[in-house]
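Trainee: Sequence:
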Amino acid sequence: MAMRNEQMTEHMFKTQIQTYLEQILEDTSFILRTLNEKDQCLLCELDDLGHTFQDMQAIASSFYLQAYMEHFTPSFTELAKAIQHLADEKHGALIVIERGDALDGFIQKGTSLHAEISASLIESIFYPGNPLHDGALLVKENKLISAANVLPLTTKTVDIHLGTRHRAAIGLSGFTDALVLVVSEETGKMSFAKDGVLYPLISPR
0 MAMRNEQMTE HMFKTQIQTY LEQILEDTSF ILRTLNEKDQ CLLCELDDLG
50 HTFQDMQAIA SSFYLQAYME HFTPSFTELA KAIQHLADEK HGALIVIERG
100 DALDGFIQKG TSLHAEISAS LIESIFYPGN PLHDGALLVK ENKLISAANV
150 LPLTTKTVDI HLGTRHRAAI GLSGFTDALV LVVSEETGKM SFAKDGVLYP
200 LISPR
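Numbered by numbering that gives the first Met the number 0, the letters in the sequence shown go through residues 0 to 204 in order.
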């Protein structure tokens with residue numbers, strides 16, 4: 000039954016992606032046909048095309064993030080709910096999902112929790128003013144292991160606009176197979192890091 004559900008979910012995902020790609024091809028073809036028309040608003044057309052790409056990326060990022068997480072953290076739905084709420088409130092967050100690699104040698108341990116995963120607890124940890132909100136929350140299986148952990152920053156050249164949370168997410172995910180979820184305090188934008196690469200999680204329009 001579980002395998003059948005996974006296949007159905009994957010089929011729905013691919014159907015959605017196919018729909019977006021067909022829309023992109025149609026819009027691109029229209030831009031090419033009307034490129035030399037004086038009344039064409041090229042910037043408008045390109046902006047719409049960019050939004051379509053963003054929506055497609057949002058669906059793809061969410062699908063693959065769930066696939067990467069669910070076998071290691073069965074409570075991934077609570078995590079997803081938490082980061083969406085944190086993003087809505089523009090409360091910065093940094094959440095590490097331990098997978099195959101042990102992380103003890105890569106992070107500076109903060110405050111032990113060993114609590115069951117719940118969206119409300121995660122949101123309270125990252126509430127501004129909470130002493131634990133500045134560091135990273137470590138998740139292993141169905142437990143919140145510790146909070147206020149310090150992660151290694153990336154040594155790669157990255158976008159100068161990326162803050163410490165994003166640099167830490169890229170850094171740890173580059174050294175280990177951990178997934179690192181990030182919510183920007185400035186913009187509320189969500190993203191996740193895997194293998195030293197940052198992927199945006201953009202809510203579809």
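Hints were generated in silico from the structure; no laboratory data involved.
A hint or two may mislead.
[Said to hold, decoys possible] Simulated restraints, written as ranges between beta carbons of each label pair:
| id | residue 1 | residue 2 | range |
| --- | --- | --- | --- |
| 1 | Gln65 | Thr110 | 27 to 35 Å |
| 2 | Thr33 | Val196 | 34 to 42 Å |
| 3 | Gln83 | Asn141 | 16 to 24 Å |
| 4 | Phe105 | Gln6 | 31 to 39 Å |
| 5 | Lys13 | Lys142 | 30 to 38 Å |
| 6 | Gly187 | Phe52 | 15 to 23 Å |
| 7 | Val196 | Lys80 | 18 to 26 Å |
| 8 | Gln53 | Thr33 | 16 to 24 Å |
A quick note: this is a predicted structure, and the numbers were derived from the prediction, not measured.
In this text, a Cβ means the ideal position worked out from N, Cα and C, and glycines have one as well.
Trainee: Regarding Val196 and Lys80, is the given constraint of 18 to 26 Å on their beta-carbon distance met?
Mentor: For Val196 and Lys80 the Cβ distance comes to about 25 Å; the hint holds.
Trainee: A range of 15 to 23 Å was offered for this pair. Does it hold for the Cβ distance of Gly187 and Phe52?
Mentor: 20 Å Cβ-Cβ, so the 15 to 23 Å window holds.
Trainee: Between the beta carbons of Phe105 and Gln6, is the distance compatible with 31 to 39 Å?
Mentor: holds (36 Å)
Trainee: Taking 27 to 35 Å as the stated bounds, is the beta-carbon spacing between Gln65 and Thr110 within them?
Mentor: For Gln65 and Thr110 the Cβ distance comes to about 28 Å; the hint holds.
Trainee: Does the Cβ pair Gln53, Thr33 satisfy 16 to 24 Å?
Mentor: holds (23 Å)
Trainee: Do the Cβ positions of Gln83 and Asn141 conform to the proposed distance bound of 16 to 24 Å?
Mentor: holds (20 Å)
Trainee: Given a hinted range of 30 to 38 Å, is it respected by the beta-carbon distance of Lys13 and Lys142?
Mentor: Because 34 Å falls inside the window, the suggested range holds.
Trainee: Given the hint of 34 to 42 Å, check if Thr33 and Val196 actually sit that far apart at their C-beta atoms.
Mentor: holds (36 Å)
Figure legend: structure checked against the earlier numbered hints; every hint is met.
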